[in-house]
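2 protein chains.
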Amino acid sequence: MHTSEAHEAISQQLINAERLALSRWCHGDPSGFLELSAGDVVYLDPFIPTRLDGLPALRDYYESLRGKVYTSRFELHNPFVQVLENAAVLTYHFVAYGDDGDTFPWNCTEVFRLTHGEWKIVHTHWSFTATAHGNGAAH
Amino acid sequence: MHTSEAHEAISQQLINAERLALSRWCHGDPSGFLELSAGDVVYLDPFIPTRLDGLPALRDYYESLRGKVYTSRFELHNPFVQVLENAAVLTYHFVAYGDDGDTFPWNCTEVFRLTHGEWKIVHTHWSFTATAHGNGAAH
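Protein sequence lines correspond, in order, to chains A and B. Quick note: to get the working numbering, add 588 to the position in the first sequence (first position is 1). Quick note: to get the working numbering, add 588 to the position in the second sequence (first position is 1).
To be clear, the hints were calculated from the coordinates, so they are not data collected in a lab. Certain hints may be false.
[Unchecked claim] Okay, derived cross-link-like pairs now, SDA-like style, lysine to any residue, Cα gap no bigger than 25 Å in a straight line: (1) K656/B to G705/A; (2) K708/B to N674/A; (3) K708/A to L702/B; (4) K708/A to T703/B; (5) K656/A to T703/B; (6) K708/B to S592/A; (7) K708/B to R607/A; (8) K656/A to A626/B; (9) K656/B to T703/B; (10) K708/A to K656/B; (11) K708/B to H595/A; (12) K708/B to K656/A.
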């Protein structure tokens, strides 16, 4: 078990790492996420029909998006970290702002694994929140 | 590290537990997932605007759906389990079939924690896959 101080330190470290990767992502640079991801990363998002297994598959996908994503401003809302010994789950809502002020809210889950003192992402799951793209209307 | 036999046994155990909870879910009974979830479970799906934190919040939500979900047939596609010492990440595609044969594909992530010999869900993330609800068209 981790002390609450250790838990808080891990939380801040992971949130900061994620924020840095998001900053690069929002300027067309996927390398932040690629550097943060482990070789056996597993990836899900709402634009691909099946799971991506492994860093080479994620790299191919992200390289196809290099230079194509630009967000003038983003927020990492309501982050929460669960620490499970040598793993941790970060969940948050990502809000990107378009030039016209439109917001695009997402749900994000990142599962990190601690290996040789380094926290690396082993699982990523992106999805739209209820208020985005009318998903909530389906109920 | 787990041996491949231990990994395979854990994988099968978690997939079987998930399948059992899904079977109950598809007959209007959310208790399978509630029994499988830990007290500090964190939950995301595309119908709620923010994360649910903790089993009481998940119970309130799931009880509001009791008796309202019915799926004649479902498939748990392409399950994959990553074992991280005392945690494990199960990802799969869930396909529910409507009476008219329509399919509703989802992405699912379950993070399990092993505590006192029991695997319990500490994080759930449901979302629509690209082929569902026209998400793919947004690109």
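Against the earlier hints, flag every one the structure doesn't satisfy and list their numbers going up.
1, 5, 7, 8, 9, 10 and 12
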